[in-house]
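*Asks:* Chains as they are written, first to last, in UniProt numbering: chain R, 1 to 337; chain B, 1 to 337; chain U, 1 to 337; chain C, 1 to 337; chain S, 1 to 337; chain G, 1 to 337.
Worth flagging that the hints you see were computed from the coordinates, not collected in a lab. Honestly, I wouldn't trust all of these hints.
It does not matter which identical chain is used: a pair holds within one copy or between any two.
[To be verified] Pairs of lysine-lysine, DSS-like flavour, derived with a Cα cap of 25 Å:
| hint | residue 1 | residue 2 |
| --- | --- | --- |
| 1 | 52 | 4 |
| 2 | 157 | 147 |
| 3 | 172 | 324 |
| 4 | 21 | 233 |
| 5 | 220 | 233 |
| 6 | 102 | 324 |
| 7 | 21 | 324 |
| 8 | 116 | 147 |
| 9 | 220 | 102 |
| 10 | 21 | 102 |
| 11 | 176 | 147 |
| 12 | 52 | 176 |
| 13 | 324 | 147 |
| 14 | 172 | 4 |
This is what each chain is made of:
Number of protein chains: 6
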Amino acid sequence: MARKVVTFGELLMRLSPEEHKRFIQADSFGVVYGGGEANTAVSLVQFGYDAKFVSRLPAHEIGQAAINTLRQYGVDTSAVIRGGDRIGIYFIEKGAAQRPSKVIYDRAGSAFATAKAEDYDWRGLLAGADWFHITGITPALGGEAAKAALEAVRTAKEMGLTVSCDINFRRKLWDKETAGRVMAEILRYTDIYIGGRDQAEELFGIPTNARDDSDYNAYKAVAEQLRERFGLKKVAITLRTTLSAEDNRWAALLYDGEQHCFSREYTSHVVDRVGGGDSFAAGLIYALSEGMSTHDAVEFAAAASCLKLSVEGDCNLMSADEVKALAFGNGSAQVQR
Amino acid sequence: MARKVVTFGELLMRLSPEEHKRFIQADSFGVVYGGGEANTAVSLVQFGYDAKFVSRLPAHEIGQAAINTLRQYGVDTSAVIRGGDRIGIYFIEKGAAQRPSKVIYDRAGSAFATAKAEDYDWRGLLAGADWFHITGITPALGGEAAKAALEAVRTAKEMGLTVSCDINFRRKLWDKETAGRVMAEILRYTDIYIGGRDQAEELFGIPTNARDDSDYNAYKAVAEQLRERFGLKKVAITLRTTLSAEDNRWAALLYDGEQHCFSREYTSHVVDRVGGGDSFAAGLIYALSEGMSTHDAVEFAAAASCLKLSVEGDCNLMSADEVKALAFGNGSAQVQR
Amino acid sequence: MARKVVTFGELLMRLSPEEHKRFIQADSFGVVYGGGEANTAVSLVQFGYDAKFVSRLPAHEIGQAAINTLRQYGVDTSAVIRGGDRIGIYFIEKGAAQRPSKVIYDRAGSAFATAKAEDYDWRGLLAGADWFHITGITPALGGEAAKAALEAVRTAKEMGLTVSCDINFRRKLWDKETAGRVMAEILRYTDIYIGGRDQAEELFGIPTNARDDSDYNAYKAVAEQLRERFGLKKVAITLRTTLSAEDNRWAALLYDGEQHCFSREYTSHVVDRVGGGDSFAAGLIYALSEGMSTHDAVEFAAAASCLKLSVEGDCNLMSADEVKALAFGNGSAQVQR
Amino acid sequence: MARKVVTFGELLMRLSPEEHKRFIQADSFGVVYGGGEANTAVSLVQFGYDAKFVSRLPAHEIGQAAINTLRQYGVDTSAVIRGGDRIGIYFIEKGAAQRPSKVIYDRAGSAFATAKAEDYDWRGLLAGADWFHITGITPALGGEAAKAALEAVRTAKEMGLTVSCDINFRRKLWDKETAGRVMAEILRYTDIYIGGRDQAEELFGIPTNARDDSDYNAYKAVAEQLRERFGLKKVAITLRTTLSAEDNRWAALLYDGEQHCFSREYTSHVVDRVGGGDSFAAGLIYALSEGMSTHDAVEFAAAASCLKLSVEGDCNLMSADEVKALAFGNGSAQVQR
Amino acid sequence: MARKVVTFGELLMRLSPEEHKRFIQADSFGVVYGGGEANTAVSLVQFGYDAKFVSRLPAHEIGQAAINTLRQYGVDTSAVIRGGDRIGIYFIEKGAAQRPSKVIYDRAGSAFATAKAEDYDWRGLLAGADWFHITGITPALGGEAAKAALEAVRTAKEMGLTVSCDINFRRKLWDKETAGRVMAEILRYTDIYIGGRDQAEELFGIPTNARDDSDYNAYKAVAEQLRERFGLKKVAITLRTTLSAEDNRWAALLYDGEQHCFSREYTSHVVDRVGGGDSFAAGLIYALSEGMSTHDAVEFAAAASCLKLSVEGDCNLMSADEVKALAFGNGSAQVQR
Amino acid sequence: MARKVVTFGELLMRLSPEEHKRFIQADSFGVVYGGGEANTAVSLVQFGYDAKFVSRLPAHEIGQAAINTLRQYGVDTSAVIRGGDRIGIYFIEKGAAQRPSKVIYDRAGSAFATAKAEDYDWRGLLAGADWFHITGITPALGGEAAKAALEAVRTAKEMGLTVSCDINFRRKLWDKETAGRVMAEILRYTDIYIGGRDQAEELFGIPTNARDDSDYNAYKAVAEQLRERFGLKKVAITLRTTLSAEDNRWAALLYDGEQHCFSREYTSHVVDRVGGGDSFAAGLIYALSEGMSTHDAVEFAAAASCLKLSVEGDCNLMSADEVKALAFGNGSAQVQR
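In isolation and in its complexed conformation, chain R is listed as follows (with noise of 0.2 Å):
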């Protein structure tokens, strides 16, 4: 039967310049709507379970629209509350060859921003579902977000749903000290740790040791580690590697106490760089789900992220056969015909 998981975040516009364009080119943004947490929902969905996002956005059109890209997907959107004056806003340049990406955000104020802890009936809105998941961005997003994430965890944590955190450090929203209470409290809730290379290191001060960038092994003694301080059943660490702006390396770790269960390595050409971590969330999310073996789970997770670069805007739009496809298969891209 199908899964249900309830993640909670911001739902952001997303202004891009068309194809390879600079922002002083632009004479048009393509609109996607996008964020964290709902980006998981909507790849949850495209595996075939059901996801409710909760969040808050403005009554207008503007904020209709963005509900309706995440109905067209098959989120269950009715727990969004209306409300606030704005939807937040990033514009992004996708870069090329050596020239990096550029994002600009205008997200201050936001409907969710000004949103109070109390407009969150967590009890009812986590009624009847099996995982909650959240990122690091919420509880960085000033106000009272905090406030309403740790409640958010805390509640599920309760009521018995499985809770994952994927940690989603960002420097322009608050500061490391902040940023590592604050998540230290959420993973006292969290049962799913996820998180970048480096972010346990900046956060909670867990040292890597890396050598470089494709030494791998360094990270096991990393998850080990967050997974004793904070009491966590698993611990994934994603491995990125930024080639060019348009080229990537990518792997993961998964530690369930026991194993240490690396996935392949893939190399990808990189069609749009945002929603790599979170669709491993919702692959990690389905996979463990579905009870497959720790590293079954992290090949499935790092597989999505995968296919997820291949997908224009925020979200993976895979389904789970055609990320089993590549975790499982020959991975050779072939034409079916």
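Mind docking chains B, U, C, S and G on chain R? Use the hints.
*Replies:* Quick look at chains B, U, C, S and G alone, frame taken from chain R:
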């Protein structure tokens, strides 16, 4: 010799769905940068004048893109201050037939609205200029905008520039009482008044007494009272009638203390309705600076705004010769070959 | 409380050249998914109602894309059966001025047309609903479609739902005799009849006797005879006049057994002519469900279809408030700012 | 049996900003290849005739692209000579409402203008053909173009083809005196004269004496004098009135020596105004070749040009049946379904 | 002198989302018309040959648009029969990186598949031609297609044309056994065999025994056995390796009974992977017709298909000179200026 | 303080099919205005310098559009003379993989090529400037262009400006002998020489003696001889290798009379190859003006041109900080967020 005009106001990013799409149908937005006073500056440069635009924009690339738009059309942007966090944004959905256009503003906290009055050195900014132009939107933007606007007109007046002011009352920005009080103050330093049909009644309690939309003669008395009350040189009243989202009727009255001159009445198919008033202002500034008679000046200004409605974007990209061909020609829109 | 409406029909892929291009000029087609009953469902959701669409679509990604379009606009698609080989397609070339629009159908063998009547469990599908709506296109599609349609209306009637039927006679799909016989059967279970100008004459031999296109009063007698012959509650007749490919005149008559109420007559510039009738049906369902008077109901429904013509695509993406503003306001299409 | 028509002229690259953009707003140009005589050839093929186009184009890929456009629509391009340095170009900015369309020519030194008269073997080129058509643009292009044009009509006449000539006087290409002299020479070999309102007066001093734009009867005398002076079989005068950049009135007169037949008058919304006259010529060639009466022929030709205005690009992509439906039908532009 | 080639097959409408979008993201489809044998015809015309395409297409405008595409590139379409209800369609979603391309066929009941064998008068159709080309897709399309294909090759052989056949086995169209039996029959009349890596094994049970993808020598024995079994003159085997959705390796073997010649191996970035094999066939037909050596012929054909992968759409729009520059030059892709 | 640079050359209209389309597939062209010396001016302004561009363009709107492009990016266009008949045009088809890009020039008779040397008042134009830059394209354009170029460098030298010259030899514009003679003359007034790999050999007979494309050391001797022969201050040689139409290797050598400094070697995925050399020149002018060491200067200039290849259009729209991040950073193209 080309006259030098200075205008002062906010420059906004305008985002609009392609063609006739509604907001909830859009997957891209055309982007244009505009604003009342900037639009007037652009139009004046197309007429062959020098125009300097004074404003404040964020230092990032989106701010730069806004400046580049003005530079492209030849406006002097050297006096634009760079600072603040964001550019004001508005979303516009073009109407069609009986479906009206829709505007969603997202301009709070913009670089312009958060500027200090002291950021602008009016003596320096106005040195060497012949004319200063402002609209009622600028003082409505909160913070110290009204203070800066007042300092601007006072200084311009002291320095001997001609001062024009387009009332441009926007209910969504401020209330009638505040607007009436502030605009009355600004009009003390104004030579040329420009305003829409009902604005004298709304802000200053000068009743119109028009029987219906086509009773243009009723506005003669309004113009007289305005001129007398505020000690104006000339009063222009634009007489716009919306027939449908795509069809307009447009005429204007110019009163110089002696003559009440009405322009021809134009019925236009509207390509882009934004900026019609701003191009009227530019037309009037040009016509009066060139020494045209009251009769010719109102014809030129009305033809300018009529032609604007046929141009995509905020700005009137018509030359003075093109405007004259309509204002003083047969208006038949024949191809020359 | 939001009413629950169920509609039943085929969802087609519509492919159309950009703007005014002819088929032989096109190197891309805009793609939209629509169909009479689906369009009505979409419109009802925009009015704030719940709408469930019953249909059959292939299991592949194109079938999914069709479903996603409905989900985007909030329609409940959980009852869409997945199966069959292909989605019905139609190509439409938009006309201009004296050049008429052109439609090429390619809908034979579609997933819907090859469905079995037994595929639909009407008791279950209609449980909890207030209203059932169908058009004359559904029974015209061959195979067991007519049988399924008949079972649907009969069951709906038995379960106490209000049943509406839009005649929508299409000569290219079936002949007059068959259509007349089948539709008469369906009308036995129908409360609210909706039909175009000449359809009562074509299918049921009820003569119109209109002097010309503007002799609306001639339709009063038609409505009376229809109501009597089929035991209907209310009869709506839409009165459309094609002035050119881009210009229409539109009005409607609603007869409730006592009053014959005519709506205002609208003259519209047409952005997209598909779905005008479907949005009239949605308007009528909403207006009658809300308990509007016969007079107000026909005004609301006519305004809804008038506004639809200004919207790209098959569906009327207008809110109830927007329709009311036209139906009961001054209709001048002014921007609010 | 399909008639064989030969036309002779220049094929130009036409570059135009998208939609209603002005030149200074364009960052892309739509590209179409057309020219008076080529347009007529394309239209005739859509009517079911064989048409051969004689011209000269550079050997490079842009020249090939021009040829491919004609081949796409079925024109025989085997007689196009390849040589010379460049293709003639013109830029066209579409007007809107009161803003006229604007044309910038860049055709000097084109492959066609630099061709030698001896490049064309008219005996061979015209073998097997029934009709030869030319316009006054061809001899205006300088170099040996006039000489080649004259040889063409003379040879065609000698070989027994029907010869038609559309005056198409363009002030930017040559002066009235030269044009009058050269065209008089060409008309000596012409059977069917086609010309605009004032061209007989401009080139041949035959006064029009029309009271105003709608005094169509005044052209009867003009037609009579033209027929007599040049020994023509039939004289067609097109009666176009520009209402705005997007609206036209269009009618025509055909005089056969006995009857003066006027077509209906069409008021059209213009999608693309280029090629209206060329499609009239094609309509007339077809109608007369098919043996239609003078009355029907002028109706067919006028309907053809009316429909052209609704089609993007230079060419009239309407079938003979579609033209007949307008010329001899009710003209209501209804969709068939 | 230009050789005359006749090809026979279905022409399909191909619809594909823009750029890298997935089907469920598409709101427009690029449209191209292509098919194996049509693509080969187009390529041959670009090489300077005459090519006639024999097929059947519906009489409506979409059928005409398909024909126009071929005419645009110079193919003789005079032998295309008009009739039947629909054009076959396929949808293709372009893959990227590890995400494979996806094809959805909707070709059942097409005008071609429902043609009768007697519709084609092969004696007349092949008169004056030098070469006949067909692929294994044509006989796979059901109805009388296989019968017509067989009559075509038999007649061609009798009339002394060279016959080439590209095996092109498509599992989705027919099963191995039927395909093996029918293709064996066709190969009895074939001179030049073209096939992919594994097709000899799949259809005719000739084992490959290749160690891996790069063991090209293993195919020598396959070619020998094919030649012997079917009495072929020459056997070409294409050796394609899919590295990712956007990267390919491509080489070919040509065996003439004496020499086994391998082409260079190309590694290509793929712009459009459709039509690679068809352009190989065209390259081979051209090279052999021109009398190139076996070595040069396989180089030319391999270079042709390599270049095709860099061209959008189904067809190889490269001239013979451009192919030679790659096949026999240094292949560095430098701009000439 | 911002340095003032003057550049002199032609500004062309560049027309290119969208994406990877071939000329014969294009139905629209992207339009960009560029040219060697204009591109360098644009790049310098993005670095924060003042740049004035001297040229001649027609007085019509297309000429204005060209000027507006430069103004948009901040170039001082006040010295552009308006006159002449046409703007030079070139068509460029972007290559892909093994298919090379293709350029078709149509620049004969342009406003620039028909200018008189006396049109330029070099004393006035260069007043207040620090640096003058020119390329070998300008004197190659015929008419009095070479004379004007020579007067420009001579005057610049006399007035004490630094003079840089990019050889930029184009075989399609002039022959080696003439080019060698004229460029030698210009180099007499030049301080900074910039040239490609083989240009010293082609124009001045200075042999390269490089073993292969990667034998960079061979260019040391070339630089030494150039410096000595023409009395140059510094010699820069760009070392570009075309791997495919979309892949390049790029490095550079700068010789200052003492040190031979090589930049890093970049391997780039090319978004737009036009303007790579022009951005190198801009980088070098900036770096040397800022007083960077020879080593840093060549790194900065090479990084600038590497980044240009990732930007659409002719011009390098990168800031000095962005170039420094690549030249002196780790070059990993990571998003900042």
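*Asks:* Evaluate each hint against the coordinates.
*Replies:* Checked hints:
| no. | hint | result |
| --- | --- | --- |
| 1 | 52 - 4 | both (8 Å within a copy, 22 Å between copies) |
| 2 | 157 - 147 | within (15 Å within a copy, 52 Å between copies) |
| 3 | 172 - 324 | between (36 Å within a copy, 22 Å between copies) |
| 4 | 21 - 233 | neither (44 Å within a copy, 37 Å between copies) |
| 5 | 220 - 233 | within (15 Å within a copy, 57 Å between copies) |
| 6 | 102 - 324 | between (33 Å within a copy, 16 Å between copies) |
| 7 | 21 - 324 | between (35 Å within a copy, 21 Å between copies) |
| 8 | 116 - 147 | within (9 Å within a copy, 35 Å between copies) |
| 9 | 220 - 102 | neither (32 Å within a copy, 38 Å between copies) |
| 10 | 21 - 102 | both (11 Å within a copy, 22 Å between copies) |
| 11 | 176 - 147 | within (18 Å within a copy, 40 Å between copies) |
| 12 | 52 - 176 | neither (30 Å within a copy, 45 Å between copies) |
| 13 | 324 - 147 | neither (38 Å within a copy, 42 Å between copies) |
| 14 | 172 - 4 | neither (32 Å within a copy, 37 Å between copies) |
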